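Undergrad: As given, the protein sequences belong to chains A and B, one line each in that order.
The first sequence stops at residue 360 when you use our numbering, and every number in between is there.
The second sequence stops at residue 253 when you use our numbering, and every number in between is there.
The hints are simulated quantities; they were obtained by calculation from the structure and are not laboratory data.
Quick caveat, the model's predicted, so the values are computed rather than measured.
There's no promise every hint is true.
Covered by chain B, according to a simulated footprint, are these stretches of chain A (three or more residues, beta-carbon under 8 Å) [as the list claims (entries may be wrong)]:
#1 37-48
#2 105-114
#3 248-255
For each residue, glycine too, the CB sits at the ideal point set by N, CA and C.
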Amino acid sequence: MNMEKGSSVRQKQIFYVFVLFFLLCAIAITAVYSVSIGQVSIPFQQSMQIVLHTITNGHLGSLDQVESDSYTNIIMQVRMPRVVFALLIGMGLSLCGVVMQAIVQNPLADPYILGISSGGSLGATFAILVGFGSGTVLAQFGVAFGAFAGAMATSILVLVLSSIGGKVTSIKLVLSGVVIGALCSSLSSLVIFFANDAEGIKSVTFWTMGSLASSSWSKVPIMAIVVLAGCFLFLFQHRVLNTMLLGDESAITLGINLSVFRKLYMIIAALITGTMVAYSGMIGFVGLIIPHICRGLFGSDHKRLMPASLLFGGLFLMWADVLSRVLVANVELPIGILTSVIGCPLFIYMIVKKGYNFGG
Amino acid sequence: MQLIVESLETKLGKKEIVKNISLLVENQKFVGVVGPNGCGKSTMLKSIYKSLPTHKGTVVLGDMDVLKTSQKKISQKLGVVGQFNEMYFDLTVEQMVLLGRTPHKKLLEVDNQADIDIVENALKQTNLLDYKDRSYLSLSGGEKQRTILARTIAQQPQFMILDEPTNHLDIRYQLEILQCVKKLNIGILAALHDLETAAQYCDYLYAMKDGRIYTSGTPEEVLTPETISELYQIKCETYKNPITNQLGFVYQI
Ligand SMILES: Nc1ncnc2c1ncn2[C@@H]1O[C@H](COP(=O)(O)OP(=O)(O)OP(=O)(O)O)[C@@H](O)[C@H]1O
Ligand SMILES: [Mg+2]
């Protein structure tokens, strides 16, 4: 009896390690596949040689069979930054999803729940339709700055609002998020209503659907630093995150003051989300479903949940990006549409699947 | 470790719930608190373990001034089994109990073999070894309660506060849990509803009414027909159970 139990635990452990390994391999293969498709279709074999050759600085892979010299350029300069971006944003979104769900103790939270999305939208809408005035420093960064500032401002506002009267509780956070979110949405509508700028309104709409089209190596460092630092930090916070699931009362008796950690985590999550929103607009659903699926597979212990969600989220967005480019010939669909279209059936499957009862 | 509470006052909103309460739990004694619903037992206990801010008074545990000490330091000495333990996420029983080690860990420290052994032991004491890999949400109320007790035992506290620990439990587990708690040989302060259990297990009793200590003493001194009638507004007779030799009660509205 006990022997059996022991071996089933070990089996789970092996399964988990295997899944992580599988995800890593899948990410690598997807990356190569992803850079080989596009306007100029490059054979997978050659893409692999080029990627290997470049990242190992010529130690592995060879360029002998590569048909055109421009291939290296297309892959490494044009397509690779986008793949890296997809990976980073996928990781960031599921990271923030896991963290937000723990913060508000509700499995239905996503990175955008606390008004961050509507704040970001308001900022972007304002930047596109009104602008910060030409010639100023702000005008240069334009939409990205507007979105980031909007996201940060709302999350700070939400935090301040939920701190009124002492402790920051999960319910106060959600309510403040909803209120501020509604306010920002109506302000966005107001800006759109008064704007006499059809082209601008179109880009606002486009922005809210999310896009990785603006990816470039010059933007990767900021994104990478913010997301990877966040991942690194939260990978080691599993103890506090687990305690968060128990609620304030139990956490206090285990010596952890959740109010403090909620604020801290929320600021970090807002920073990450703000940066992602600034560069890629709103990409919905990833932060909600990926943690859910991983919970269904590995349980809610953040020690396991976190690494799996990060890798799975990255892989998921890479595939969403691939599909957004190949699904309709010569048209690039907004990636936010894709994530919802793939996400919904997956989510319904999770609900229908026997034995899965929302976060547990 | 002994607990001294002096002139504790707690307000919720504008309403005073705990009014000038003083009590003492001597080293390794099992002390019970009885009283009707809403008399302030939970509020008082929460004030003691600092889940609620106190308005006035002092709480001293061993040589530690609880109200002035950090939550982490307190949780290394003081374990709590609360009245309600619901959550929306799932952990296995083992993961749940492992969280009891939190007070003894630095923020980034991982669990080692010693922690696993402590958890194993706590599971054994609460008869939960076979439940180790079960999901917490799938447990019955009583099994959940035992899991929380196991978590608190894994915390290795030197003093334990329990708020109606035998809620949800069937007769066997009521007895088992109290036996188990008693065997820990640490100071215990517990809110209890069942007077027979209180009489059987407590070394000393405090009776609460309307946020004040109504009376205190050994179970025989406190659990008299007069006091019980006054506390719960019922008619009551007590007798000596001829089989167990324990105090028995007969109630009537
Ligand atoms: N926020 C609040 N504002 C005002 N009164 C409150 C508040 N919260 C609780 N109370 C009241 O405080 C009183 C004490 O509650 P408490 O939970 O301490 O009772 P209790 O003795 O533990 O009861 P039970 O036996 O039912 O557990 C109750 O009358 C309750 O209605
Ligand atoms: Mg109570």
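Undergrad: With reference to the structure, classify each hint as holding or not holding.
TA: Do the hints match the structure? See the list:
1. Interface restraint, the region 37-48 of chain A with chain B: violated (0 residues with C-beta to C-beta distance below 8 Å; minimum three).
2. With a threshold of 8 Å between beta carbons, the proposed coverage of the region 105-114 of chain A by chain B holds, since 3 of its residues qualify and at least three are required.
3. Coverage of the region 248-255 of chain A by chain B holds. Counting CB-CB distances below 8 Å, 7 residues qualify, and the rule asks for three or more.
Of the numbered hints given earlier, the model fails hint 1 alone.
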